[in-house]
Each structure stands twice: as structure tokens, then as C-alpha cells.
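S.K.: For the record, the sequence lines run as chains A and B. Be aware that the first sequence starts at 22, since it is given in the numbering used here, and climbs by one per residue. Be aware that the second sequence starts at 10, since it is given in the numbering used here, and climbs by one per residue.
Quick caveat, the hints were computed from the structure, so don't treat them as lab data. Misleading hints may appear alongside valid ones.
Claimed, not checked - Interface residues of chain B toward chain A, partial, derived using beta-carbon atoms under 10 Å: (1) V50; (2) K59; (3) P113; (4) L118; (5) G143; (6) R147.
All residues carry an ideal CB built from backbone N, CA and C; glycine is no exception.
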Amino acid sequence: MRLPRFALLGLWLLALAAGAAWLHGHLRVQTEMTVFLPPSATPAQRLLVGQLREGVVSRLMLIEMAGATAPELARASRALAQRLRESGLFSSVANGDLAAMAAERDLILAHRYLLSPAVQAERFSAAGLAAALQESLELLASPAGALLRPSIPLDPTGELRELSRLMLPSDGPQLRHGVWFGRDGSSALLVAETRAPGFDVEAQARAAAAVREAFAASGVACCGAIALAGPGVFAVQMRDAIEAESWRLSLAAAVLVLLILAAAYRSAAAVGVCALPVATGLLVGVAAVALGFGSVHGITLAFGATLIGEAVDYPSYLLTSAAPGEPLERTLERMGGTLRLAVLTTIFGAAAMAFSSFAGLAQLGVLTIAGVAAAGLATAWLLPALLPASAIRLKTRGLPPLLTPLLARIPGPARWVAAAVLLAAAAGFIASRQDRLWDDDLANLSPLPEAAKALDRRLRGELGAPDVRYLLVARAADREAALQASEAAARWLQDRVQAGTLAGFDVPSSYLPSQRTQAARRAALPDAATLERNLAAALKGSPFRAGTFAPFLRDVARARGGVLLEAEALAGTALGLKLSGLLVREGEGWAALAPLRGVADGAGLSREARAAGFELLDLKEESNRLVSGYRDQSLWLFALGFACIAALLALSLRSATRTARVLLPVAGAALLDVALLLLMGRALTLFNLVALLLVIGVGLNYALFFERPQAEGDERARTRLAVAVCAASTLAVFGCLMLSQTPVLRAIGETVFFGCLLAAALSAAFAGGYTRKSQ
Amino acid sequence: MRVALSLLLLAAAPQLAAQALTSAELMRELAKVEASHATFVETKRSALLKEPLVTRGTLAYRRPASIEKHVLQPYNERFAIEGDVLTLENRRGRKLKTSVSGAPGLAALIEGIRATRAGDLAALERHYEVRVEGRRERWTLLLRPTADEVARHVASITVSGTGSRIVRVEIEEASGDRAVMEIQEELK
């Protein structure tokens, strides 16, 4: 029984709509970059990826305001910080304003005798107190005396002064008018930590919007400018930019493709039906990934759409191969084998990826396999039933000899020699650039424009935000042990600072000393009677009045009988923020991280650290190793996929020569493409690799159709037309991508554009001229 | 008689007015100085202290923004401010460098002296309500902090002098503590 055409079309569209509706309800799109990264092999890489995924670093938002006078900016900074704190979207907002750090000050004040490394028994002896009183006297008489006076009766030993660097590190940004400013003094700086993790793009978008709203209300919005940076902000910008650009470029590409198809088929029905298999493929592919993995990564979606782009060509091959008035079922009988091979080669190429242990690559593989298979089946089963033979009125006569460039006119042997020389030159060129071939910087994998990365680097530099290259890692089984390890690391690092091999460091135990250390400090405090006696002795030679230090006596007694400071007490403060960034869970245990500044000799320090029982983590090197490892694995899988394709072709075509005629133009095109990209000054990334996969998939189709046994004359002209239509639409789509502002899209566009051009030209030259008629 | 007195007052008024100093005039007078060197004796009276603390030392100034206070007795301590950078050295060997504008309270206290010495009215008015009394030969500059965070600690700064010479600085704190610095200044 055959369904009427319109009923079939209706059913298909209905099924597509239902599928789309299901996906709309069930699809969970992840944008977290780290999911796309491989499961890391070493503890160092796990730490790195963990930090990128959910560390404090991933939640930082760096804010810069400029364009007004310094006092205006300082006022705006305070107003902005106040509004953001009240918004509830941020767990902390810091702008250097001590007045706004009341919680931190109270915490430090209350626990100063547990926090201060200077707390030792001698400090509270008669001699120790006499020295402390003399220093207090000098401070009272200093130009800042009026400001310091309130703290003198509370804190003659100066623990608060010792601890103030916990709130305002001496290497932090400079303060002007009481808030953080950039080095040249023209911009106010803030750093906020969002409650939501960096990969929650929706929440990050809300947080960024809250900052901009607060800025609009801050009073300098008229003339000033605000700039935001940080992983979350960039995730939002990236999504918005890519969405906007994809829409614009896709629209332009779609119009171009429609024009090309319309010019070729001169039938609205044929053009319309061409879109159905690729839409089906995309839906089925995404649904397969969603079912298999629970969610789809944003990058999988983007890359997957690229890979399935090949499916746009399937209907074209079918429609252009139809002889005038021939029903498509008949056409399919003739060229169905080639179409099947075109689909299968892509599936085989992707199969290697699907079995990868990297979630990102596996998703990509599954999406490609399911999508391409669905598009192929839709083309073969549904298109013939939908389109009547009369729908297509192809004009092949008088068609210019498309895609038969000069190469094709050169006699056979000379052609092969020319090609061999060209390919050898390309291979030699690529080999000569081997050390500069790959861009392994993890930062460059992110599709951020260079301007945004530069802003991020500059603000991090100014704010001293955690983006250090070197981290000293001390591991332990539990938190207390990790804090003790942090204290040992601090002692070890202090020696290095003294020796001059290191400029400075930060350790978690500064913010929360281990319970052992706190207990030792508490035990160093004398009892009330002893302290009173020592103080009385110290006061003998001092102009201070006897009753002045009653608050001091009271606070020491309180600290001596009090409880130790716990991590929970720091929650929600700038100190807690610091601590959670430096003391992190790592698998079953804990790791204390000490960011280092001014490392003179990384390799040397690394050796010394290992000998001392610590580990020096070079984040840059580690992330480069991560990316290059990922790339090596991908390359290996791609090679495996290519081998599968070769085997499939050899089995199907049953001829080494024919297999070579199909494979060589495509491999040659990929090789020349890479050489061309390098000549253009590009370094290759994962994006180029994925794009090359598409070049191979599409190129194989060209080669297969040229190589297909066919009659000279009309049929060969139709083949040329088919490849011309397919290549023109691919070039239109990826030519549009080349215009993109987003580096990733541009890289994909360039790779596919030049690759397809080369693949079409080489296929035409090498596969085309040789097949004699076999019908 | 009453008429005569009124006439006398009327006659004297322009003369009095000519001698009364405006803040702008005082600032012009002070701004003439390129550099100065001085000795000082400072007496700090505080409720925390049994007896006043007396310190002695030298002061130095160079246009536009360099100022130094060097305490020599009874201990050695040097504060040097160059532009926005404050350097503190004392016998404990601690050399501390900080940014003046980083601590708004400290910035106000330092500008009270430095901007006065430089004759920079705009800088003074950023931190203080400024009032000038007296004549050129004997004037008093009264500074009241405007920002809460300074006013919480400092009630007023009173600078007195003669011509472009500063002879006395008195700081009255909100706590009632008081520091008086007597200055012997040599102008260049």
C-alpha cells in the first residue's frame, strides 16, 4: 500500500515536530568546557580539571569601572559592591573597602590570638609586653596615631596589624580613596564570587545582568564604562556571540544554499524536500546522544551539526542523478550503492570516536553515526516516495565543464607526477613545521575572542586573582592534616623567599590555621593572674596609664577559654572565599594549594619541592599536556577511522586501484588543506581536526560519485552537476563561517572551505577521467 | 561722642579689611616656598598616658609632593611621603611602603600638613572644611574633616604661622587627645 504523497509528507513533518518537541522538553545542554576534556590521567590533571569545573576560580567575576574621576569611581565602587551584596547572587564581593569588611574584621578581631603567627609565650612575658607597649607608644605618637588609638587598649601586641594583610594582601591592587584601583589609577576594580558555578550559564547571565544594572544605578553610568571578565561572564558572552553569529551566518548560508538548489532543480518542491533528511538526521543524532549520555554538550551540538552537514548532500546526489523523467526509485537502483557507501564511510569514520573513553568525542561519534544514518535512510526511503519524476527538471545540457580544472587536461602519468610532487611538497612543509603545528594552549581551545582573553589577563594581573602558573600542592587524608601540611609548606616556602628563589606565596593555613597550631597558640596565652602581673611589670617603665589595657586582659582571657576557629565560621566572608580556593577536596583526600609568585626557576623549585615531599604544579605546562594528550588520542582515533573507511572501500569496491582513486584525492585534499592553513599562519587545534573529518566525509562522497561506473555524456554531466551543487552549497555554508568573528567558527569555516574546494578539484581530476562506461 | 566713635570705626573698617587674610591669599603666600627644613618639638597628650609624650626631630618639604618627618628623640623613626608612597623606617628595621590614598584617614591627616605646606587649597578642601583667620603676619588655618571616617577620629587641625612660615600645628582628636607641634622653619 502506498500512502498519498501529501499524507506521507504530513506524517514526516509531524514526526519531526514531535521529535523536536520531545527534545525541547528533555534535552539538557551542557556548556561546561571540562566535560569535553578527557578523564584526566594524573592527580595533577584531575586537580586542574576539578578547579576549572567547580573551583572558586570558575566562579570569579572581575569587574572594572572607568571613565570618571577617581573619587566618583570610588563612590561608584562602594555603591556597586553594596547592591551586589544585597542581590543574593554573590557569595562575596570585594573592592578593597575595609569599611565594608566588617564581618572579616570582627572575625579577625575575635580570633586574633588563634590566627596570628606571632602568638608565642614570650610575647606575653613582662619583657615581651614592655616591647609591645613601646611600639604602641610610637604608633600613638605617629602621624596615624589618631586613627590607631582605638585599637591600642585592645591590642597592644599588634596582632590586628599583623593580620590586616589577610584582608588586604600587600601584593593586591593599589588602594585609592579606600578602594581597589588599577595600576594607572584610571579604573576601579572589584572581584565578586558568584554563588552559581561558572558553567551554569543561565545563572551567570543573571549575575552579569545584576552587575550591569547595579552599574547603571551607580551614578557614573552616564560617562563611565564597565568591563566584566571571568569564566562565567565569558561563558555567557560566548553563548550569546555564537548564538547571534550562528543565526546570522546560518541564515545567510541557508539563503545561499536555497539559491544554489533552486538554480539547479528549478522546483520548489525539490528544494523543500532536500532539507528534510538533514533535519531528520540532526534530530535523530541529538536524540541518540541525549538518550545515551543523559545530556548533550554544546560543543557536540555545534560540531555535530557541522559533521551532519554532509547529509545536505545526500538528496542532491539522488536528485541530480535522475535522468529526465526517471522516477527516483529507478535512479536509486543505479546509484543507491554509491550513496550507501557515502553514508557508510562517514559512519565508519565516526565509529572510532563513538568508542572513545572521552565523553566529548564519544558524544560526537554517536551523534554523527545516528544522524548520518537517519539522513541516509530518509533520503533513500522517503524522498523517492515524496517526489514525482516530473518534479525535477534538471538542465545538464550545455553545462560548462565544471570542476574539470587544468589538472584534468594534463595526460594521465604527468598528472600523477604533478600531484605526487605537490603532495610531497605539502607533506614536507607540514613536517618542517612539526614543532609549531599544534596550538596546545587550553585557553586557545576556548572560543573566546582575543580581546576578551586580553581583558581577563589584564584584570587578573591587576587584581592578583588566582590565575597563577605555579601552585605548590600539599596533599593529606583529611582537612586538618592538609592544614598542617600547609603550615609545613609555608615554613618551607618562607625559606625559599629568604633565599630569593621565590617572591611570595599564599597558603590556606594563613586563613585557617590547623587545629593543632591554634591549640598551641591558645596554650601560649598566660592565665589572667600571670598576664596581669607581666603587664604591671611592663607598665613600670612606660608612660601608659595603668587601667588602659583592661580590654586586652579581657580578650586574652576570653581567647584562652574559648573554642578553636572552624572553617564554617569563615563561610560567606572574603576569608572563607580565599580558604575554599586554597583548600580543596581531591578525591578521597584534601589538597592545600599554595599559589606562588615570582618563581625564578620552575624546574629547580619543582625538584626541591619533590625532595621536600610537596609537589609543584605548573598549571600552564599541565594544561598544555592535557590538551596535547587529548589531541594525540583524537588523532589516533581519526587515523583508526580512516583505516576503517579504507577497509570498507576496499571490500565494497573490490579493487585496490578504485579504492586508491577514491581515497587518494581525499587524503591529498586534507594534506594540502593543512599545509594551506599553516601557510596562512594558523596553528592547528581540535577544531581544525573535527573540521578535517568533515572534509574527509564530504570529499569521499565527491570521489565516490566521480569514481562511480557511469556512462559518458549525460550521466557524467549529471555527476559533475551533482558534485558541483554539493560543493557549492558546502562552500557557501563554510564560506559564511569564515566571516565569523568567533575564532572557532572561523577556524572551522576556513578548514572546510579550502578542504572541500581541494577535495572537489582533486576528485574531479583523478577519479573522474578514468572510469569507462560500464553500462 | 557716639557719632565720633562710629566715624572712627567707619574710617578704620577698610584698613581692617585690607589686613584680614582670605584663604586664597594665604595659599598663595604658602605656595611661594620651594623647599623647607625645620626642627620640631611635639607634645602628645592622651587619656591613655600618665604624662605627655614629647618627641623631637626634623621636618623636610620639597615642592610639590615630598614631605618627611624624622623623629630623633626619644627614638628614631622616619616617615617619608613622596607623591602617593609612604615609607616608614624605624629602629626595628621595618621598612614599610604603602599607598597614601589607600588609607583615606591617613591620606586626610597627611594632606592636612602637606597640602597646607604646598598652599594647595583644592587638596585641602577635598578632606576639610577650611577657614582662615588673622592677618598675613599672624594667621590661623582651621581644618575640620568632612569625611565621617576621619571625623570619627579627628576633631580639628589648627595650623598657625606668619607669612609663608608655619610655626605650629595642633591636632585635636575626637577622643580629646591632643598633639601640639612647635616648628622652627627655614625656608628655601
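S.K.: Quick check on the hint: L118/B CB to chain A CB, less than 10 Å?
M.R.: Holds, because the Cβ-Cβ distance from L118/B to chain A comes to roughly 6 Å (cut-off 10 Å).
S.K.: Answer holds if the nearest beta-carbon of chain A is closer than 10 Å to that of R147/B; otherwise answer violated.
M.R.: violated (26 Å)
S.K.: At a threshold of 10 Å, is the proposed contact between P113/B and chain A supported by beta-carbon distances?
M.R.: holds (4 Å)
S.K.: Can we keep the G143/B interface hint, with Cβ of chain A closer than 10 Å?
M.R.: violated (25 Å)
S.K.: Regarding the hint that K59/B lies at the interface with chain A, is the smallest CB-CB distance below 10 Å?
M.R.: Holds, because the Cβ-Cβ distance from K59/B to chain A comes to roughly 5 Å (cut-off 10 Å).
S.K.: Holds or violated: is the Cβ of V50/B closer than 10 Å to a Cβ in chain A?
M.R.: violated (12 Å)
In summary, the numbered hints that this structure violates are 1, 5, 6.
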